[in-house]
Amino acid sequence: MKNVVVLSRRSVLAGTGALVFSFCSQSRLVAQEAAQGGQQSGAARALPGSLKTSPFLDSWIRIDANGSISVLTGKAELGQGIKTALLQVAAEELDVALSSLTIITADTARAANEGYTSGSHSMQDSGTAIRHAAAQVRALLIAQAASRFALPGDSLRTENGSVVAPDGRRLSYGDLVAPEMLHVRAQPESVLKDPRAFKVMGKPVARVDIPAKVTGGAAYVQDLRLPGMVHARVVRPPSYGARLAAVDTAAVERVPGVIKIVRDGDFLAVVSEREFQAVKTMRTLAAAARWEENAHLPKQDDLPSLLMKLPAQDTAILDQRQPPAAAQKTVEATYTRPYQAHASIGPSCAVAQFENGAMTVWSHTQGVYPDRQAIAEMLRMSIEQVRCIHMEGSGCYGHNGADDAAADAALIARALPGRPVRVQWMREQEHGWEPYGPAMVTKVSAAVDASGRIVDWDYAVWSNTHSMRPGGAGSLIAAQSLSQPFAQPGPKPIPQPEGGGDRNAIPLYKLASARVMHHFLPAMSVRVSALRSLGAYMNVFSIESVMDELAQASGADPVEFRLEHLDDERARAVITTAAVRFGWSSSPLPGGRGRGFAFARYKNLAAYCAVAMEVEVARDTGRTRVLRAVAAVDAGQAVNPDGLINQIEGGIIQSISWTLYERVTFDDTRITSIDWSTYPILRFNAVPDSVAVHVLHRPGQPFLGSGEVAQGPAAAALANALASATGHRFRDLPLTRERIKAVLPV
Amino acid sequence: MIARTIIAVVVAGAILIVTFFGWARHPAIDPIAQPDPHGLDTALVRHGAQLAALGNCNTCHTAPGGKSFAGGVSVATPFGTIYSTNITPDPETGIGNWSEAAFRRSMREGLDRAGRYLYPAFPYDHFTLLTDEDDHALYAYLMSREPVRAAAPRNELRFPFNLRIALAGWKLLFLRKGPFEPVASGSEAWNRGVYLVEGLAHCGACHTPRNRLGAENKNDRFGGGEAEGWTAYALNQTSPAPVPWDVDALYAYLRNGWQRVHGVARGPMAPVIDNLGVASDADVRAIAIYIASMSGPPTPERRRKAGELLARTGVQGPGSNPVSGDSTTTAQAAKGDGSGADMGGMIYQSACAVCHESGRPLPFGGMDLALSTAMQGPNPINAINVVLAGLPAAEGERSPIMPGFTGALSEAQLTDLIVYLRARFSDKGPWTDVAKHVRDAMTGNRRFATYATRGNASAPADSSQREKPW
Amino acid sequence: MVKLTVNGREHDVSADPDTPLLYVLRDELALNGAKFGCGLGQCGACTVMVDGKAVFSCVTPILLLEGKQVTTVEGLGTLDNPGPMQRAFMEEQAAQCGYCIPGMMMRAQALLQNNPLVSDADIRAALQPNLCRCGTHMRVLRAVKRAARLMQTAGASSTGMGGGR
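Chains as they are written, first to last, in the numbering used here: chain A, 679 to 1424; chain B, 27 to 496; chain C, 5 to 169.
A hint or two may mislead.
[Unchecked claim] Cross-link-like lysine-lysine pairs, in silico, BS3-like; alpha carbons within 27 angstroms at most:
id, chain 1, residue 1, chain 2, residue 2
1, A, LYS881, C, LYS149
2, A, LYS881, A, LYS871
3, C, LYS72, B, LYS462
4, C, LYS7, C, LYS149
5, A, LYS1419, B, LYS93
6, C, LYS57, B, LYS462
Please keep in mind that the hints were generated in silico from the structure rather than gathered at the bench. As the structure is a prediction and not an experimental result, all values here were calculated from the model.
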């Protein structure tokens, strides 16, 4: 636990030059604002990025008396390379070698509350905050040196962690820094480095986390080993809402090495000295348990029509409809998407320790603050008593089982005070209990006139919420299953311009007449939440498929058609780049091959991405493989171009897997896609021959989030390429071999 | 005297040889221009596609990673290696300049367009049963495939088997020319089954033992054979399946690629099931009817044993076998005499039981090995193959996956395991030469094909059999 | 007590003989490379080498391993002295979350040790048992090809380069 008193004592003990920092919980921030008067809040709102909510410089940059510099972020490394990118930003603005920096990520005791690492916000929010904070810290250090040198500040320069005077005198950052010196509010404006002078930002710096990952270093929460740590496994119910009617734990409790059976209502877990024994005991307990099942899951094949009949909250997120009088060429289509899973390669894991009334949880949650709040609520503890520390898990691509595993660990740890408890979910539990990307339906009716202009656009999307993140304890499956359960909160739509199911439902194109309806469906029979790009995957798939059909109806080239409807220069640039690099043309392709194109700007306010694909379809079997994909991406100031390329390549390949193969399956009561045999994903034999990503660098432009931008365009490019190869439009995801074979000539 | 005898013998021999060659030689059928695929009737081509699937043409005529029907698949025979030919309509390397008459002759008589004998690795002794109409449809289908320029590798056959003319004798002995004639006493479905099984599907080509000259032994029809390094079990009354097959079970297996108490199709049966996916329900049922009729109703003894077995295996659930819940019994499960049975039992308990006694229903769960035909068969080959190679994942489709244990098991360990499995799950007495079979597999002396098991495993398991909770 | 030889060192492990190798590597020997991905032999995140062949450590009980050489990614090199496979993956930045990567590396190591001159198709086929959810496949393929070149030029021995734990 950290508070002002402790920090002051630290600063006294450390002598001069020790930096003091504050941890920014919401309560602390409120206290600060109250103390300094309401006017400060106005200034805080004008600050860039996450400085809005954490305006003190030392929430982001910390310098010790010996000159060691820490960068702090409330964001979490998910494998997207954010640690490296943020270090690059800080190193650049501080003028220090990247290797001299350390980074502290999401930790409720140390780092700012930046909510979730999600929505492709990390660079925009945290990166921007760190950039400005670092620039302002450097400015403060120069000012301090100026006063000590008795020289004007603008005669000084910084180099390798020191401020240097023209006459060669130098003072290191460690010498310059003083207690509380960086505990000042940021200014709304900063003097940022000229992109032309960048030494490390914008460069493909090698990721700082990869060396440990390939040499067996501890890198993940799964690798955490604490003294006295014990192993736990949860016995999950067979279906949503099942009640644990009976379980005889006596025989299991007597087995040597089994430490405890934890039961609270329908929550059942076993704790063991050894991990494998925990696994076996879990299985024995699972066999001994009798459940009363209550779930009623919809008929899979009826899902689209059922979705469209559910009670909905209807919002016109765009309402500028002026349908043209004359009859035009019209395209009407309905698209469907099943539930799809994150299916993280490493099932969720967490470690928790309850000691002296304080709970510490190590988790790969995307949101340490919200998860902490939910866990505290579940345990009926105050949030000050709970600390949540982020450690990497495997890629999560949104809200997977991480938060729930953290809650499981905390619950069990509370039953074993003093001992660190490690909970590892099984593969079947991750597949069966993670919240999925929701099933969706979209309906489009669009028209072009004789000159190839889109003259009408009527679009509707039906979807559950795309976010059931904690929040409250009621979002945690452990909390829902306690004898005194917490109720799942009512789902809320995420408002535009971010959107949930309606993310990217408004096309970026110039549309003279357009209406976009969002039918938000609160009723959920299957557990859902945020999956990479949220509704954008499906909306872009639909929009870009229709764009292709409209282009075809007007006899226009698909790329030209899109350019005709876009003024946004950056959008046009990614489209043109992708097309040119791909070698886009209308020349005939060998039999069984097709080419397809798609574009989107994520949320119409983040990164731009265009994807061109060539696919090959085997006529005899319907087997489809993407031969090559070429993408162009504009993410503003690209901090780490290689990291950006990595994300786009990965997004394309993941989207290919989603689009060709993936759907969650269930019977009347239970999820049945519970492992890789029942939920297959892309393997190496189907990987394209090549994926090329071209980055359009925009030095000096704001960072634009890009982690999710490729999902929708890749799906649509694939579907459009399939249409080109087969002459048939595929509108129901996934585009399985069976569906494709069914329309091929014999 | 002797000289005259010799001359007489030589002249008689010469007359015989000339007569033989005169009789054995067949004329070439004139080449034609490649037929225009667009001129072909779609319904006819679709019918031909179904027939080609039933006949598994693609399995032999499409090489792994190769283009459809372009040939090049190697078939090991006791006489050497034969490579399948290119049957795409390419005029030079395929059959593009074959007339329909030439195609029908190849199917009916085993002769290529030039009149040369085809090796019966191409099972024309079965395809001879096809009617003219079906040959017509197949021809249309093949002529509408994408032409691929690819010459098949040369066969590697030992003398005298590399002389095609020698096949004249083989044909004389073993070919009963078709087409099929229905048996009046049989039902329509049964006759259809005969036609498909004995004809296109050529099941006997794998499931019937062969004689020294490589022909199916008609005295032991469906008595069991081999294919691609696997044992193809007997389908007649000597079937080793612990639960006898009936029509419904066969139909389910052929339709879906798995059956609740018989297991999952794997090895060379996997592509057969895949191909049957386009067959009609009626045709699959007909095949099931005919094959079931081969074995007849099970004996009372066999029925009783099966009943006991089913009653016993019904109670499994995850962890319900005490062994999988408690490691001390892993060691206790083995016999105490330090023999191989110890190791075999311990390997089974620790590596296999976790899936094979989990109670997770088929097709995705490991089957209870007491129900496995592989444990009952005449040799350990299939059991060894599956343990080593597992069941590979199908591409993008739900399919059972089993890890292979190549690399984890030494020859001795695999031998111990197989010996244990036979002793535990069969009452038929030990297999002989387990160590040799293991060595053959692990050294590559006996190669075996592995296929992803897909079929129609997409068919969801019925709710009464759904996954047990974890 | 089971005797295991891991990365060239002998260990007396106290785990029960039926314990899958994965738990012993991670919990008793504190080796992080092999990962729990499914425990079912479906994903390959647990892949290690036994006597130079790739195996799923999650379904390999340690009772099978007496007298055999187990190699994990830690046996291919260290942070300070990475082996060719590790160098290749670092140079290609072949990781996103990185969770699947040690398994990929071990599968590839087993391939290249036995077949130094592999084709692209061979590499794809060999890696089929290993899943990557982040979509890092293209980089993994490039890294394996790069490792093959590095191994050829270095003439690396079959036990990999660098010291291991």
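Here's how the hints hold up against the structure:
no. : hint                  : verdict
1   : LYS881/A <-> LYS149/C : holds, 25 angstroms
2   : LYS881/A <-> LYS871/A : holds, 15 angstroms
3   : LYS72/C <-> LYS462/B  : holds, 22 angstroms
4   : LYS7/C <-> LYS149/C   : violated, 35 angstroms
5   : LYS1419/A <-> LYS93/B : holds, 17 angstroms
6   : LYS57/C <-> LYS462/B  : holds, 22 angstroms
In summary, the structure is inconsistent with hint 4 from the numbered list given earlier, while agreeing with all the others.
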